[in-house]
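Take a look at the letters that make up each chain.
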Amino acid sequence: MSIAVDIRDAVKSYGPVTALHGVSLAIADNEFFTLLGPSGCGKTTLLRLIAGFETITSGEIRLFGQDIARLEPNHRPVNTVFQNYALFPHLTVLENVAFGLKMQGVDAATRHARAGKMLEMVHLSQFADRMPAQLSGGQQQRVALARALAPAPKVLLLDEPLSALDLKLRQAMRVELKQLQEDTGITFVFVTHDQEEALTMSDRIAVMSNGRVQQTGTARDIYEAPVNRFVADFIGETNLLQVDVDSVSEGRATLTLPGGHRITCPSASTTTGKHHLSIRPERLTISPEADLTATVDRVVYLGTDLQVIAHLEGGQPITLRLQNAARTTPPDPGQRIGLHLEEGAARLLAD
Amino acid sequence: MKGVRYYPGFLPLTILCLVVLYAPLAVVAVYSFNGSASITEWGGFSLRWYTDVFTGPEAVRFGQAAWNSLTIALIAATTATVIATAAALAMLRAGPFRGRQASFALINLPLMVPEIVIAVATLIFFSTIGLTTGYLTILLAHITFCIPFAYLPIAARLEGVEGTYEQAARDLYATRAQAFRLILLPLLMPGVISGWLLAFIISLDDFIITNFVKGAGMETLPTAIFGSVKQGIKPNIMAISTLMLLVSVLFVTAAYLINRKGRQAPATPGKTT
Amino acid sequence: MAGPGNIPPSASDTGYRSLIGPLLLPTWAVIGIFMVLPVLLMAVYSFLTKEFRGGVIWDFTLAAYDQFFVTRGLFGDEPAQIEWTYINIFWRSIWQAGLATILCLLIGFPTAWFIATRPAQTRGLWLFLITIPYWVNLLIRTVSLKFLIRDNGPLNESLMAIGLIDGPLPLVNTNLAVQLGLFYSYLPFMVLPIYAAVERYNFALSEAAADLYASRWATLREIVLPVVKPGIIAGCILVFVPSLGAFLAPDLLGGAKTFMIGSLIDEQFKGSQGDWPFGAAVAMILMTLVLIVLLLYARAQTRGATR
Numbered sequence: 001m002s003i004a005v006d007i008r009d010a011v012k013s014y015g016p017v018t019a020l021h022g023v024s025l026a027i028a029d030n031e032f033f034t035l036l037g038p039s040g041c042g043k044t045t046l047l048r049l050i051a052g053f054e055t056i057t058s059g060e061i062r063l064f065g066q067d068i069a070r071l072e073p074n075h076r077p078v079n080t081v082f083q084n085y086a087l088f089p090h091l092t093v094l095e096n097v098a099f100g101l102k103m104q105g106v107d108a109a110t111r112h113a114r115a116g117k118m119l120e121m122v123h124l125s126q127f128a129d130r131m132p133a134q135l136s137g138g139q140q141q142r143v144a145l146a147r148a149l150a151p152a153p154k155v156l157l158l159d160e161p162l163s164a165l166d167l168k169l170r171q172a173m174r175v176e177l178k179q180l181q182e183d184t185g186i187t188f189v190f191v192t193h194d195q196e197e198a199l200t201m202s203d204r205i206a207v208m209s210n211g212r213v214q215q216t217g218t219a220r221d222i223y224e225a226p227v228n229r230f231v232a233d234f235i236g237e238t239n240l241l242q243v244d245v246d247s248v249s250e251g252r253a254t255l256t257l258p259g260g261h262r263i264t265c266p267s268a269s270t271t272t273g274k275h276h277l278s279i280r281p282e283r284l285t286i287s288p289e290a291d292l293t294a295t296v297d298r299v300v301y302l303g304t305d306l307q308v309i310a311h312l313e314g315g316q317p318i319t320l321r322l323q324n325a326a327r328t329t330p331p332d333p334g335q336r337i338g339l340h341l342e343e344g345a346a347r348l349l350a351d
Numbered sequence: 352m353k354g355v356r357y358y359p360g361f362l363p364l365t366i367l368c369l370v371v372l373y374a375p376l377a378v379v380a381v382y383s384f385n386g387s388a389s390i391t392e393w394g395g396f397s398l399r400w401y402t403d404v405f406t407g408p409e410a411v412r413f414g415q416a417a418w419n420s421l422t423i424a425l426i427a428a429t430t431a432t433v434i435a436t437a438a439a440l441a442m443l444r445a446g447p448f449r450g451r452q453a454s455f456a457l458i459n460l461p462l463m464v465p466e467i468v469i470a471v472a473t474l475i476f477f478s479t480i481g482l483t484t485g486y487l488t489i490l491l492a493h494i495t496f497c498i499p500f501a502y503l504p505i506a507a508r509l510e511g512v513e514g515t516y517e518q519a520a521r522d523l524y525a526t527r528a529q530a531f532r533l534i535l536l537p538l539l540m541p542g543v544i545s546g547w548l549l550a551f552i553i554s555l556d557d558f559i560i561t562n563f564v565k566g567a568g569m570e571t572l573p574t575a576i577f578g579s580v581k582q583g584i585k586p587n588i589m590a591i592s593t594l595m596l597l598v599s600v601l602f603v604t605a606a607y608l609i610n611r612k613g614r615q616a617p618a619t620p621g622k623t624t
Numbered sequence: 625m626a627g628p629g630n631i632p633p634s635a636s637d638t639g640y641r642s643l644i645g646p647l648l649l650p651t652w653a654v655i656g657i658f659m660v661l662p663v664l665l666m667a668v669y670s671f672l673t674k675e676f677r678g679g680v681i682w683d684f685t686l687a688a689y690d691q692f693f694v695t696r697g698l699f700g701d702e703p704a705q706i707e708w709t710y711i712n713i714f715w716r717s718i719w720q721a722g723l724a725t726i727l728c729l730l731i732g733f734p735t736a737w738f739i740a741t742r743p744a745q746t747r748g749l750w751l752f753l754i755t756i757p758y759w760v761n762l763l764i765r766t767v768s769l770k771f772l773i774r775d776n777g778p779l780n781e782s783l784m785a786i787g788l789i790d791g792p793l794p795l796v797n798t799n800l801a802v803q804l805g806l807f808y809s810y811l812p813f814m815v816l817p818i819y820a821a822v823e824r825y826n827f828a829l830s831e832a833a834a835d836l837y838a839s840r841w842a843t844l845r846e847i848v849l850p851v852v853k854p855g856i857i858a859g860c861i862l863v864f865v866p867s868l869g870a871f872l873a874p875d876l877l878g879g880a881k882t883f884m885i886g887s888l889i890d891e892q893f894k895g896s897q898g899d900w901p902f903g904a905a906v907a908m909i910l911m912t913l914v915l916i917v918l919l920l921y922a923r924a925q926t927r928g929a930t931r
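Chains as they are written, first to last, in my numbering: chain A, 1 to 351; chain B, 352 to 624; chain C, 625 to 931.
Possibly wrong hints are sitting among the right ones.
With a straight-line Cα cutoff of 25 Å, these simulated DMTMM-like cross-link-like pairs (lysine to aspartate or glutamate) come out [unchecked claim]:
1. A:K154 <-> A:D166
2. A:K274 <-> A:D351
3. A:K274 <-> A:D291
4. B:K581 <-> C:E891
5. B:K585 <-> C:E781
6. B:K565 <-> C:E675
7. B:K585 <-> C:D775
8. A:K178 <-> A:D203
9. C:K894 <-> C:E675
10. B:K585 <-> B:D403
11. A:K168 <-> A:E182
12. B:K585 <-> C:D875
13. B:K565 <-> C:D899
14. A:K274 <-> A:D233
15. B:K581 <-> C:D890
16. B:K565 <-> C:D875
17. B:K581 <-> C:D875
18. B:K565 <-> B:E392
19. A:K178 <-> A:D291
20. A:K117 <-> A:E72
21. A:K178 <-> A:D166
22. B:K565 <-> C:D890
23. A:K274 <-> A:E250
24. A:K274 <-> A:D305
25. A:K178 <-> A:D246
26. B:K581 <-> C:D690
27. B:K581 <-> C:D775
28. B:K565 <-> C:E891
29. C:K881 <-> C:E675
30. B:K581 <-> B:D403
31. B:K581 <-> C:E781
32. A:K178 <-> A:E120
33. A:K178 <-> A:E196
What follows is a list of derived Cβ distance ranges for each label pair [to be verified]:
34. C:A785 <-> B:A567: 27 to 35 Å
35. B:T526 <-> A:R212: 54 to 62 Å
36. B:T429 <-> C:F676: 37 to 45 Å
Don't read these hints as lab results, they were simulated from the structure.
Just so it is clear, CB atoms sit at the ideal spot from N, CA and C, and this is done for glycine as well.
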């Protein structure tokens, strides 16, 4: 598989402030790749570097082998779907979609035919002659997509394109975006702070924080095998327990849980001593076969789930989720319960 | 219960304000249709003073003055608008830079120095460098003080146009010049037009500075009217005044409508954040 | 605070950064050459010696300022005393401009408030009505006012017709006429900035004040005025500064007794009785005064911003 975007040691500073500290990423061709992180983590800066709206301070950006780091945006065969779409308000929908082709010198007949096809693809053919302001948010979003795809870019960049839509529309668009990516075969680089969005659409995800990539992998990788506290904490809900690591070998660690029980689990850490253990709340079960013993504080009703908030003997808090099934009988506050760790439920983190 | 926006007496004061502003203009407009040669007596409705403006003994003098005023305003407003547009691009589209504060102060300088001081300084300057006062000196002075008036609406509009439009254009293979011509300029147009109209009116209006730098024999409409009024208000002056009033009203109405239309096309459709 | 990733794109790379020089050059050249340079030259002129045919001799002297502030009697042989003639003209100008500012504020604030509280559909129209006179030639407006208030003009005629007065009120050539002229000339300058401030005013503040037992007028005094103060100050500056150097209103509506700075300066550049260095000196003093007002304003603004 060839590499579409190859970023090596990308650094971006604004005067004394550094937004990206040497980011390296390889995004494969035909991949739906997501940059995920909280606001201010540098994900948008990275996207703007690829698009060419910001000048890289140092490092390389290669597009299918060609160094584009210092090209003007209009000389890069990548297109962007902007967060607020940036549809040209004085041009019709069709003219917006045909704009890129016009700039590339495509003759009027060809580009209008192609733009018409793109509008057909996003189901907006009947709106070709409208002005952008006359469209709803969801329709504007599709026009922005059609406009960016019309020149058949090698890579499509999407800057939180769904954030301005309401929940229902957002969920529908996720499916549509993924479908579009598979149909066109174009590499998508998608920026979002919404983990659910990232998990549902992406082939691979890069989790970013403080201008650095913390972990790259599939949705399953980063959820089930987070490498550090940030990733474990940012993606989904997790319990972080302080534990003593006795020995580590070949990616597995033997450690002592609070309460004295010893277990062996996968490890991202290579050192012994005090470390954090990540346990997903839904992977804990109440069982007499106990690895941990806890006292229940509260039970919160969440509809599909029941959330049990408890504390361990040493006082460390722990949360578990029980499916709200007919046979589930929730524990009572004050009750002592035994907790069982399923295989693969716990993972030792590097700090 | 009238609500917190209501204050008793504010409506009458607003009406008083409008009466004060409009009464003199209305009276002159009415008297410009006076058939009598005396300005005090009402001699019935007539257009004789309008005919007089175009064919009477002073027609040539006022015609020449009007021509000077009009051409100076046209050239000055156009030049000032081009200069102000360029300045606005640098001030608002180039990020922070050294000298930005100073440039801002410089652009606004003509608004801060009293007109009479500008008049004196400009006269002294032209006289020192040996430039004979006349059409050219009026024009140069007008271009200078028109710049901030053209700048204000252009900059206001430019601030409302987000940079993402140009970035989107560049992303879609437009060169820097194409992004300006095809995207930014059309979006900026309402501001450019109101800037030009403002500058045009300001130039057409100016009396004090023009009076200082016009030199002997050269007249613009305001200086010609002033010279005539010094010997008493004559009915033909009222007709000219009414015509100029009409021109001003037409211009402001145009500027108002263009601005309103410009505002209706939102700068960022779909923006919710 | 903007984190590193949040630094506003600020359109930083829309491509104009490298063009700053060429884009600003015309502005710097035109305003620099035809405004900054002339003002500097005017400063120099105020220290030159007067030539009798209305020019200057390049000999540096303080004569112009001496003439403004000091008198040594008719023949120049008496002990130096303060010359009150010109200081009085300045004082009268400041007084007239100040009074015009207060009058404009008293009428302008209610007007601005009233317009800003109209429903959105009619607000534009009200504002438009206030703006039109501002765009009508100032000379024509002043002439019109003179026509209206002159001894046998429509105002006096109609007042006499309804029997309110027996003879015409002598308005023209009085301080009152000049005052009326200034008020009339610059009233829109007061309304517009106050309107802008009131339009941004959050009326929930007034409701909160009313909720906390403030009367309508107490709300105005305690909440509204302090909040919209920047607009009021801007309006006052916009009326005061041009009033101070006004020429048309005092010249057309006033007489010898109502002489203001504008006419004093104008006189120094007319024909052979002119005195350019003295005129330049008076203009310098006027500009200094205005500069002080603007500096006070700027300081008040920055203090308001940091508070």
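Tested hints:
1. Distance restraint check for A:K154 and A:D166: the Cα-Cα separation of roughly 30 Å exceeds the 25 Å cut-off, and the hinted pair is therefore not satisfied.
2. Using a Cα cut-off of 25 Å, the hinted pair A:K274 and A:D351 holds, with the two alpha carbons roughly 10 Å apart.
3. For the given pair, A:K274 sits about 19 Å from A:D291 by alpha-carbon distance, which is consistent with the 25 Å threshold.
4. Our distance criterion of 25 Å between C-alpha atoms is met by B:K581 and C:E891, whose separation comes to about 15 Å.
5. Taken as a hint, the B:K585 and C:E781 pair is honoured in the structure, with Cα atoms around 18 Å apart against an allowance of 25 Å.
6. Proximity of B:K565 to C:E675 is assessed by CA-CA distance (about 22 Å); at most 25 Å being required, the pair is judged to hold.
7. For the proposed pair B:K585 and C:D775, the alpha carbon gap of about 16 Å is at most 25 Å, so the pair holds.
8. For the given pair, A:K178 sits about 10 Å from A:D203 by alpha-carbon distance, which is consistent with the 25 Å threshold.
9. A C-alpha spacing of about 14 Å is found between C:K894 and C:E675, which places the hinted pair at or below 25 Å, so the restraint holds.
10. Between B:K585 and B:D403 the alpha-carbon distance is near 11 Å, which keeps this suggested pair within the 25 Å criterion.
11. Under the criterion of a C-alpha separation no larger than 25 Å, the hint pairing A:K168 with A:E182 is consistent with the structure, at around 22 Å.
12. The hinted pair formed by B:K585 and C:D875 meets the criterion: a straight-line CA distance of about 18 Å does not exceed 25 Å.
13. This hinted pair checks out: B:K565 and C:D899 have alpha carbons roughly 19 Å apart, not beyond 25 Å.
14. Only pairs whose Cα atoms come within 25 Å are accepted, and A:K274 paired with A:D233 is accepted, the gap being roughly 18 Å.
15. Restraint check for B:K581 and C:D890: the C-alpha separation of about 15 Å stays at or below 25 Å, so the hint holds.
16. Straight-line distance between C-alpha atoms of B:K565 and C:D875 comes to about 19 Å, which keeps the hinted pair within the 25 Å bound.
17. Annotation: proposed proximity of B:K581 to C:D875 holds, straight-line Cα distance about 10 Å (limit 25 Å).
18. Our distance criterion of 25 Å between C-alpha atoms is broken by B:K565 and B:E392, whose separation comes to about 36 Å.
19. With a C-alpha separation of about 41 Å, the suggested pair A:K178 and A:D291 falls outside the 25 Å cut-off, and the hint is violated.
20. Among the hinted pairs, A:K117 with A:E72 is inconsistent with the structure: their alpha-carbon atoms are about 28 Å apart, more than 25 Å.
21. The suggested pairing of A:K178 with A:D166 holds, with an alpha-carbon distance near 18 Å, which does not exceed 25 Å.
22. Only pairs whose Cα atoms come within 25 Å are accepted, and B:K565 paired with C:D890 is accepted, the gap being roughly 14 Å.
23. Pair hint A:K274 plus A:E250 holds up; C-alpha atoms about 19 Å apart against a cutoff of 25 Å.
24. Restraint check for A:K274 and A:D305: the C-alpha separation of about 32 Å exceeds 25 Å, so the hint is violated.
25. Proposed proximity of A:K178 and A:D246 is contradicted: the alpha carbons are some 45 Å apart, above 25 Å.
26. Annotation: proposed proximity of B:K581 to C:D690 is violated, straight-line Cα distance about 33 Å (limit 25 Å).
27. For the given pair, B:K581 sits about 17 Å from C:D775 by alpha-carbon distance, which is consistent with the 25 Å threshold.
28. For the hint pairing B:K565 with C:E891, the CA-to-CA distance comes to about 16 Å; that is within 25 Å, so the pair holds.
29. Taking the CA atoms of C:K881 and C:E675, the gap is near 28 Å; set against the 25 Å cutoff, the hint is violated.
30. With a C-alpha separation of about 19 Å, the suggested pair B:K581 and B:D403 falls inside the 25 Å cut-off, and the hint holds.
31. Between B:K581 and C:E781, the direct Cα distance comes to roughly 23 Å. Compliance with the 25 Å bound is thereby established for this hinted pair.
32. For the proposed pair A:K178 and A:E120, the alpha carbon gap of about 17 Å is at most 25 Å, so the pair holds.
33. The straight-line distance between the Cα atoms of A:K178 and A:E196 is roughly 14 Å, inside the 25 Å bound, and the hint therefore holds.
34. Between C:A785 and B:A567 the C-beta distance comes to about 45 Å, which lies outside the given range of 27 to 35 Å.
35. For the pair B:T526 and A:R212, the supplied restraint of 54 to 62 Å is violated, since their beta-carbon distance comes to about 35 Å.
36. The beta-carbon spacing between B:T429 and C:F676, approximately 42 Å, falls within the hinted interval of 37 to 45 Å.
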